[in-house]
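Given chain A's structure and the hints, the job is docking chains B and C onto it.
Residue numbers (my numbering), protein chains in the order written: chain A, 433 to 877; chain B, 433 to 877; chain C, 433 to 877.
All the pointers check out, no bait thrown in.
For chains that are exact copies, the list does not tell them apart, and a pair is met inside one copy or across any two.
With a straight-line Cα cutoff of 20 Å, these simulated SDA-like cross-link-like pairs (lysine to any residue) come out:
1) K800 <-> T721
2) K722 <-> R820
3) K722 <-> Y793
4) K837 <-> D696
5) K779 <-> M710
The set of hints was computed from the structure by calculation and includes no laboratory data.
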Amino acid sequence: MGSDNEQEWLDTRFDELWPITRSITGPGFRKSLEILQQDIPLEIQSVPSGTEVFDWEIPPEWRVHEAKLTGPEGEVYADLNETNLAVVNYSEPVDKHLTLNELDPHLYTLPDLPEATPYVTSYYERNWGFCLPHTVYESLPEGEYHAHIDSELDEDGELNYAHTVLEGESDREILLSTYLCHPSLANNELSGPLVMASLYNRIAAWDNRKFTYRFVILPETIGSLTYLSEYGRHLQDNLVAGLVLTCLGGPEETLSYKETRREDALIDEVVRHIDDYMDQDIQFRRFDTKGSDERQYCSPGFNLPVGQFARTPYGEYDGYHNSLDTKEFMGIKSLVESAEGIEQVLKTIEYGGYYLNQEPYGEPMMSKRDLYPTVNNPDEYDGRDLVRTMMRILNYSDGTRPTVKIAERYEMPVEDLRVAIEQLCHTGLLEPMSHTPDYNNHHES
Amino acid sequence: MGSDNEQEWLDTRFDELWPITRSITGPGFRKSLEILQQDIPLEIQSVPSGTEVFDWEIPPEWRVHEAKLTGPEGEVYADLNETNLAVVNYSEPVDKHLTLNELDPHLYTLPDLPEATPYVTSYYERNWGFCLPHTVYESLPEGEYHAHIDSELDEDGELNYAHTVLEGESDREILLSTYLCHPSLANNELSGPLVMASLYNRIAAWDNRKFTYRFVILPETIGSLTYLSEYGRHLQDNLVAGLVLTCLGGPEETLSYKETRREDALIDEVVRHIDDYMDQDIQFRRFDTKGSDERQYCSPGFNLPVGQFARTPYGEYDGYHNSLDTKEFMGIKSLVESAEGIEQVLKTIEYGGYYLNQEPYGEPMMSKRDLYPTVNNPDEYDGRDLVRTMMRILNYSDGTRPTVKIAERYEMPVEDLRVAIEQLCHTGLLEPMSHTPDYNNHHES
Amino acid sequence: MGSDNEQEWLDTRFDELWPITRSITGPGFRKSLEILQQDIPLEIQSVPSGTEVFDWEIPPEWRVHEAKLTGPEGEVYADLNETNLAVVNYSEPVDKHLTLNELDPHLYTLPDLPEATPYVTSYYERNWGFCLPHTVYESLPEGEYHAHIDSELDEDGELNYAHTVLEGESDREILLSTYLCHPSLANNELSGPLVMASLYNRIAAWDNRKFTYRFVILPETIGSLTYLSEYGRHLQDNLVAGLVLTCLGGPEETLSYKETRREDALIDEVVRHIDDYMDQDIQFRRFDTKGSDERQYCSPGFNLPVGQFARTPYGEYDGYHNSLDTKEFMGIKSLVESAEGIEQVLKTIEYGGYYLNQEPYGEPMMSKRDLYPTVNNPDEYDGRDLVRTMMRILNYSDGTRPTVKIAERYEMPVEDLRVAIEQLCHTGLLEPMSHTPDYNNHHES
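So here's chain A without its partners, still in its complex pose (with noise of 0.2 Å):
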């Protein structure tokens, strides 16, 4: 699909998604995956509330059907009508008549953004309260308010997570992951799941997979804590590399990785590659506890080795978490391109990873697979490149060392390896490794 037809199709989606009063659970998160069925056949899944989860309890179903804060005048001063934001998320119902003075601790301003109107949430406290931007709340006059949020948390609720696999050679596993709770936030929430689609697509169309993709969508923190509690096993047995996918729009000119909790697991070491020798440019930032769902992925019971792309970071600009957040300052365009630099990593990891020489002791006889000149003639040197590097692959590719770093021995770009691990791979003389020993060692400790 063209890159034309990509942003109109993105763009048509972002619309359809952005005004659904969306959170970690309830109708408008269900509402949400559905829209993104289709683009990827997702398996919807969900799982009560009260179930415990490692150290958290999933928390009640959050609906909301009106929030309207009305002044002495009858004016209307936050409406759920007007922005999903008006609201803070996961307010307990209320129906009162307060005096401003009252209502104060009940409100949420920017001071220092005076027009914006702040995303604010109280998943885990029951409260209530209206977020309003800071010149509209230094007007209100004194009187009686009347604060009247229509909302349930329902203890028989549930939440919801969507995934699906597009299978490949090895059962061997990528992940992608991302998350959908933020309502009317485009840069850090919509980027997300629209890039994925778009790598959903992509990927679906690539000639072969090496391995099987995993995209996963859920609400952040609880939703992967969840992901975890059911998946956390089958993918310390089957990762092989893993990206969190958030904030992927807005004006930086390059692509942001934030290295897994390893800092040396394939996919850190591929992104480097990519920065160090081939034709896209990387920001790099340190892990760290804050951030978004790789904080779960990578605690230090599980350790998996995902890293995080973004391209304008939460915390890095105006709009974060407020109404400033916009789809013009995500802008379509640095979607496709995002999805675009995360496309190129992912190919890399395919042949930039562990294989294993199957014929280990002395060198193979190249000649008798059509892989070598069988007259040794100086003048011939036809095919002695490609052979060359063939001899180097199968000689390093011990189970102990990547392609990728095989190619940094030489200092060259790992794609000038792909022709010969390619040939390699179809004589036998090569075959990846299902399993690389460092990411799997849980049985043993």
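Just chains B and C now, kept in the frame of chain A:
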């Protein structure tokens, strides 16, 4: 106790210990331990002469009652009553009349420091001799001399050492070891036991101790060998860190740390961290086989994580092993400063070591423990820095990284993690590791 | 034996070996081994053609009796009687009359070196051909040519190799391997076996050998594969270090060392140590799959600690694999210098390796072995440096550090440890390690 009081106390104790005729065995050594029992509740142990300790054998117990070298005119040139250094330590008994020529092989001087009397020992080869200033030696007249040493080498004697333990929350131990065998030397003898007395009283006064502290005073070399033959396995099983205390007075401005043989033991990391990130400058020496009892603790069969602290180390000052090593050279004030510096190191080990996150699967839920602001309101950043510090500590406390290294990852002094560590331990989210895997693998090897 | 005598001897041997028509199999190879038996007590072995060795099969034995290319006027353009290079090595028999056009695919020249005759082989693909200078090739007239090669490819033939062992105190081995299959090439053929002859006689003359030395002469590639199929397991169990000898003459001033695949094997450390701390400068090449028989010894299934020494390496001089590779280019004197340089390396491995302290608990008591001054007298420093060196060696000889690394810790050449090592071995305090753990872990893997 105030620093002035401490100086006074150590000064008094110095004067009690100085005149005693000590050696590696015998009544002087025992008497000295009894004096120190005023400050440390030392348990005094004995091991019979002749006992084999590894490649060595405990020598006979030496007692000396009189040692005097009288000249042809009755002039006394060396006299144990004048200075303990006058007689070669472990001299066998002698009562002979000799010419100056016959006497000469038994006289020891320092030609480069002609006014100083050397300190000479001969523990393992039977010998006798006198030590005197080179100026006196050069003025000796011809004639008949009377060499009289009234000493015993008792095969039925014993070697003594003394130790005590200050218990902590964990039975994992910190070892402080010093020696007490040189008579009438200040920096290279009494500085060690006196700093240990100070440290004992300081540590006993701490509000709490994470570790158990073991204080050991012994004769150098043969004493630590004997101690290892009895407690070596115990130390291999329990030792977190150890320090040999020696030469802790003198004019140097900073403490001087000799690294463990491992070079990367926790104690090494902590001392480097203090020098790099905290308010104490420290000199460093690499491990070498020249030194004090760390030579035994760090022999390859034990390889214990034992470093050494000195201020003006052996071999780096004129008075080393001779009569210039006086109380004035050493300075009581230096000892107090040494104790303060070492106390800081020990305090830092208390919280700078290995902890284990007790909820390693996913992030722990901080808000249910009142450790996290429950409303995600960008305007309320109180307590956020503390929470971020706690999340970082939790994520990296997987048993492979001490908190001192976690602090360095964020380029901050480990002091700044202390409140967070204590809160996390208080809630049970973090627990000190009872064993660090590194030092205790002798069972497998 | 003096250096002049050695040059004379090697010169004579060169002239005997040069004219023989050698290949990887056949009577010329056997004849050459017999000539070398004058200098090395080689045991000659045979393996039948058709034997499978790993991924390869031993080819038929090649014998060639006559090879002549005659022109239209009866002029002889290529003749085995003139030079061994005239015929493509392993040519099948042919007796044909052809036009110049039909003949052309069977003619090999070097357009860039128009006066030189190339060396061409076709061991594993049936083919025939003639090699000639490009100037001759360009002058060939049209007309009918007679290509006559009287050769056999005997399926019932054999491959030969030869080896011998010089026993040492330990049955742990040092391997020296070279090849002998190129006819009438000097630097890239006879230099290797002749340097080996020199080394055999030098090592045989040593006062003692710690290690056992294995000398192997074989046809390149298929010979080392065959050797590994018979002795690979033995080498995995016993090899301390190995060297392939190739291209050891020519104008370069220093030896050139190609590192082992491991890069940190003892032999690598020793050669680097000599270059850094001792009186021989050495050039270094990283391991690569271009090269000689180290490609087989260092294949990932064996990964033996085998490096390679050359002086003017293959591919780095015009005469590589053509008639310019003459005795004059190679130079007999260069061979003697190469043997001297390699002998220094081997001598250094003898005492530069792994030892085990036999009294690892505490310091050994040196004085009871007469290794230590018994009177601690500062005026008597004779022997102190030696004792300090011994204490350092003992402390670090725990099986993880070769003495070459202990020397580097103290920034001194390992030569300076030699006396101490010998004294310690003499008293039994130190013993050479019979196995280095690193190289012999194939049983577990």
